[in-house]
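Listed in order, the protein sequences are those of chains A and B.
For reference, each letter of the first sequence is one residue, going 1 to 381 in the numbering used here.
For reference, each letter of the second sequence is one residue, going 1 to 471 in the numbering used here.
Treat the hints with care, since some could be wrong.
[As the list claims (entries may be wrong)] Taking beta-carbon pairs under 8 Å as the criterion, some of the chain B residues facing chain A (in silico):
1. D5
2. R8
3. T19
4. L22
5. V26
6. G32
7. T34
8. L338
9. E341
10. G408
11. D411
12. T463
13. V468
[To be verified] Derived CB-CB ranges, DEER-like:
14. D22(A) - L352(B): 21 to 27 Å
15. D22(A) - L166(B): 35 to 41 Å
16. E340(B) - D22(A): 24 to 30 Å
17. T344(B) - G188(A): 57 to 63 Å
18. V356(B) - E128(A): 54 to 60 Å
19. E25(A) - R145(B): 52 to 58 Å
20. L134(B) - D214(A): 30 to 36 Å
21. L156(B) - D214(A): 56 to 62 Å
22. T291(A) - R258(B): 55 to 61 Å
It is worth saying that the hints were derived from the structure and are not from the lab.
Computed from a predicted structure; not experimentally measured.
Each residue gets a CB set at the ideal place from its N, CA and C atoms; glycine is no exception.
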Amino acid sequence: MDVAARVPGLDPTLADALAVTDLVEHFLRPLQLPAPRADLVHCTANGPGTLLGLLAKWEHDTPVLLSEHGVYLRERLLASRREAPSRVARAALAGFYARLTELGYRRADEVLPVSRFNARWARRGGAEAVRVLPNGVDVLPTLETEPEVPTVVFAGRIDPLKDLHTLLRAFVLVRERVPRARLRLFGGVPEGNEDYAASCHALAADLGVAAAVDFAGPVSPVTRAFEAGHIVVLSSVSEGLPLTIIEAAMSGRATVATDVGGTAEAVGPGGIVVPAGDAVAFADACVALLTDRERRAALAAKGRDHALAHFTRADFLSSVRETYARHTALESALPDARTAPSGESSFPTYRPGEAEVVGDRGPMEPALRTVADLVGQRDRA
Amino acid sequence: MSALDPRRVALDHAAASSTTPLEAAVVLESAGITDVVAAERFGTTDVFALGELALADPHRGLSEPAARPGPRAPHGRWWFHTRGVLYAIPALVALASLPAGDPVASGLVLAGLLAAWAAGYGVTSMAWTHLNNLDLPGAKRFLRRALLVGIVLALLASSGAVLAALVFTSTMSVDLTTVLLLTGQAAYLLAAVVLLLCGREPWLLVALVPAVVGAVIALRQPGAGPVSAFATGVPVRDLSWAASSVVLAVGLALLATRGAQRPLVRPARRDLAEAGVQVGQGLFVAVLVVFPAIDHLVDPGFDPLPLSVTLLALPLVLGMGLAESLAQRFRARCVALLAEERSTARFAVRALWLAVRAHLVFAGALAAAMAGAVLLAGSGDPRAVLLGADYLVLGTALFAATLLGLLGRGDRVLLVLAAGVTALAALLAHGGHPHLSSTTAIVWHLGVGTAMLLVLAVQVRRTVGIPVRHR
């Protein structure tokens with residue numbers, strides 16, 4: 001509330017104080033849980049989840065890693081603009097989120113942002129040991145064919161952070177210059193985003209492009225979405241390191257994306273990056289690629305080379321293994337961990353994103369227990 | 001750089017709509033301003049510095065977004081007033097229709113009433129657990145199941161109780177009708193809980209029509225005036241009208257719970273514990289209110305008042321609708337006060353005044369209603385006046401308990417109610433069974449009510465000024 005009180009023009013009331021303390025109490029609930037026992041805690045987001053890792057650090061001196069896909073503080077600030085009950089509450093929560101994430105950044109043994117963009121937020125939050133560890137994807141075969149009709153593809157969840165309204169407005173401009181163009185949006189509607197999805201349908205109808213826009217829903221594998229278009233686009237206002245862009249590049253598709261988060265790092269030389277929220281620039285980029293086959297192909301090839309060089313699953317696994325080994329006593333049991341470039345020899349059953357347990361079961365068992373796993377166990381109990 | 005430059009517009013927007021530099025930085029980034037843009041166009045080192053620059057002007061215009069409308073009440077406050085009527089009608093119908101003449105039969109009906117009353121409190125508490133999760137379909141599912149399971153349990157329990165009465169007592173006045181009466185009583189109370197929680201007061205009013213018609217017909221029969229449910233020598237009246245109301249209420253309750261779905265979140269152990277507390281509260285409140293009837297049953301030599309003591313409890317039952325309305329208004333005014341006040345000390349004073357005023361309004365309305373009931377019951381008997389005062393104090397104490405419950409001190413309420421019931425039990429356990437018809441028993445009941453009121457008033461005084469209690 002001190003933060004709110006310092007903002008000119010804001011005069012916090014008791015109701016504001018209660019609303020904020022309610023929310024803060026919810027955010028701090030992980031502190032009620034017992035400290036997890038593990039060889040290492042790898043928090044995959046800053047914020048309340050990291051508190052559980054810090055509990056382990058404070059009580060058992062467990063090493064804590066913190067990697068962020070999206071910047072938690074950034075996304076909470078964006079969300080509080082939509083959800084906070086008042087401006088005062090927003091200011092107070094902004095102060096709380098900043099202190100909460102600073103705690104995670106400062107106390108973690110190593111912060112592993114997925115992009116340089118995220119890294120600057122971590123450093124601003126007080127992180128000292130920061131190393132960019134980009135996500136990796138499987139090497140995918142290059143798509144050789146394109147559809148007959150000029151098609152722009154979006155692949156991702158239907159979410160306000162994707163700013164699909166700007167995408168739809170840009171598509172109207174694309175249609176003015178490429179009349180046959182189609183827009184296909186692949187992705188599900190998460191719970192709570194139904195109204196936003198409805199607003200997208202309504203906007204497409206209002207703009208007169210409903211017939212050319214296809215809300216195709218979820219698709220698997222995602223390469224089927226890329227197959228359906230000439231270019232893959234992403235119009236987000238907030239991103240970490242977008243896997244959609246990396247997978248599209250790996251599949252041999254040129255991309256158009258907004259310059260937010262680590263998107264530019266993901267796109268690299270394989271596409272065109274435009275300012276977020278700029279429908280005209282977005283449309284210009286789409287038209288440039290839809291109407292120039294050679295340029296499209298050239299960018300697609302460069303994009304695939306970029307993805308192969310920086311974002312392969314093998315490289316990612318190797319980095320994770322090296323990091324885990326460096327922070328745990330398992331280093332001695334896994335002498336080749338630092339040098340193993342790829343393969344599954346050091347952690348035979350390791351698969352990224354899965355919970356694993358070591359400790360009592362011995363060093364050759366699956367390696368580490370994640371916070372998500374521990375929280376899940378508590379919830380089930 | 002023109003004023004219409006989108007970057008300048010973004011900077012102005014960030015300055016006007018953000019509360020902290022970091023928030024401004026996020027807004028700027030979302031508008032496409034990167035560190036490079038910030039450096040090239042605004043001369044700052046990065047977006048963070050630009051965010052600080054945006055908020056550096058103390059005279060910047062703050063654009064407050066339009067206030068979002070709060071959650072709309074499902075129905076108007078007017079219906080809360082009708083709740084008193086909804087509570088009172090069954091009591092009136094019982095006066096006119098319930099069987100009487102046998103202490104065992106009456107005891108069973110009374111015990112069934114207490115159990116169903118307490119169960120209603122527990123069901124309400126559990127339903128609110130779902131409603132507080134904004135899970136109306138889950139609440140409906142729970143209510144529907146509670147109604148159906150409750151009816152089955154009531155049927156089994158009443159069958160067992162009647163069988164036990166036939167085996168272990170000398171009564172021959174209990175039979176299948178008693179079983180149906182007990183089951184119907186529980187079914188009605190549970191159905192009423194369901195309909196009220198679903199905001200269907202009008203439906204409940206419709207369901208009560210047959211019972212009211214039956215009661216009027218019964219009262220118009222020669223020699224059939226208002227009688228105590230437990231007075232001797234009164235034949236069993238036609239219960240088919242009341243039964244119609246019960247069936248109608250259950251049917252409407254099932255209709256009101258259409259759209260039931262599996263709850264989003266399973267109730268936690270603490271929710272069950274809270275429901276247990278509510279069951280205890282319901283039981284204690286019921287015992288406190290119907291204590292005169294209990295006392296009568298314990299003492300077969302009871303010399304009845306000119307009109308039933310049950311009739312004198314009617315203003316209190318009617319007043320519960322007003323109590324709910326006043327409690328809701330008290331809560332709304334306190335919320336408004338929180339949004340207005342910046343000082344906890346001033347809030348404490350103003351909230352206390354709101355509480356005092358609510359108590360005075362309730363006590364005044366109840367006193368007026370009670371005076372009318374006393375006049376109707378026979379002002380010539382000083383015991384009726386004393387009993388009226390007794391119920392006035394008890395009613396005000398129960399209103400204080402309602403406010404205290406709203407302030408999150410249900411635990412204290414339970415303790416006070418339990419102490420009150422214990423004191424009444426001590427009276428009954430006292431040698432010689434002094435019954436309520438005697439001035440001593442009424443004074444004892446009044447004394448217990450007064451003590452409860454004082455303790456609850458002190459608790460309200462200590463709690464109402466704490467802002468966090470109004471969350």
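Hints, verified against the model:
1. Nearest Cβ of chain A to the Cβ of D5(B): about 12 Å, over the 8 Å cut. The hint is violated.
2. For R8(B), the shortest C-beta to C-beta distance to chain A is roughly 14 Å, which exceeds 8 Å, and the interface hint is violated.
3. For T19(B), the interface hint holds, the least distance from its beta-carbon to any beta-carbon of chain A being 4 Å, beneath 8 Å.
4. Proximity of L22(B) to chain A holds as hinted, the smallest CB-CB distance being about 6 Å (cut-off 8 Å).
5. Hint on V26(B) holds. Least Cβ distance to chain A is approximately 5 Å, under the 8 Å limit.
6. Below 8 Å, beta-carbon pairs count as interface contacts, and G32(B) has one with chain A at about 3 Å; its hint therefore holds.
7. Look at T34(B): its Cβ gets to within about 6 Å of chain A, closer than 8 Å, so that hint holds up.
8. A hinted interface residue such as L338(B) counts as satisfied when its beta carbon comes closer than 8 Å to some beta carbon of chain A; here the least separation is about 4 Å, so the hint holds.
9. For E341(B), the interface hint holds, the least distance from its beta-carbon to any beta-carbon of chain A being 5 Å, beneath 8 Å.
10. With its C-beta approaching chain A no nearer than about 13 Å, G408(B) sits outside the 8 Å limit, and its interface hint is violated.
11. Annotation: D411(B) was flagged as interfacial toward chain A, and the flag is violated, the nearest CB pair being 20 Å apart, outside 8 Å.
12. Given hint, T463(B) at the interface with chain A, is violated; its Cβ is 15 Å from that chain's nearest Cβ, farther than 8 Å.
13. Hint status for V468(B) relative to chain A: holds, with the closest Cβ pair at about 6 Å, below 8 Å.
14. Between D22(A) and L352(B) the beta carbons are some 23 Å apart, a value that agrees with the proposed interval 21 to 27 Å.
15. For the pair D22(A) and L166(B), the supplied restraint of 35 to 41 Å is violated, since their beta-carbon distance comes to about 56 Å.
16. Here the CB-CB span from E340(B) to D22(A) is close to 19 Å, at odds with the stated 24 to 30 Å.
17. In this structure the hint that T344(B) and G188(A) lie 57 to 63 Å apart at CB is violated, the actual value being about 47 Å.
18. Taking 54 to 60 Å as the suggested C-beta distance range, the pair V356(B) and E128(A) conforms, at roughly 58 Å.
19. In this structure, E25(A) and R145(B) break the distance hint of 52 to 58 Å, their C-beta atoms being roughly 32 Å apart.
20. Between L134(B) and D214(A) the Cβ separation comes to about 33 Å, which falls inside the hinted range of 30 to 36 Å.
21. Checked against the hint of 56 to 62 Å, the C-beta distance between L156(B) and D214(A) comes to roughly 59 Å, which is consistent with it.
22. A hinted range of 55 to 61 Å holds for the C-beta pair T291(A) and R258(B), which are about 56 Å apart.
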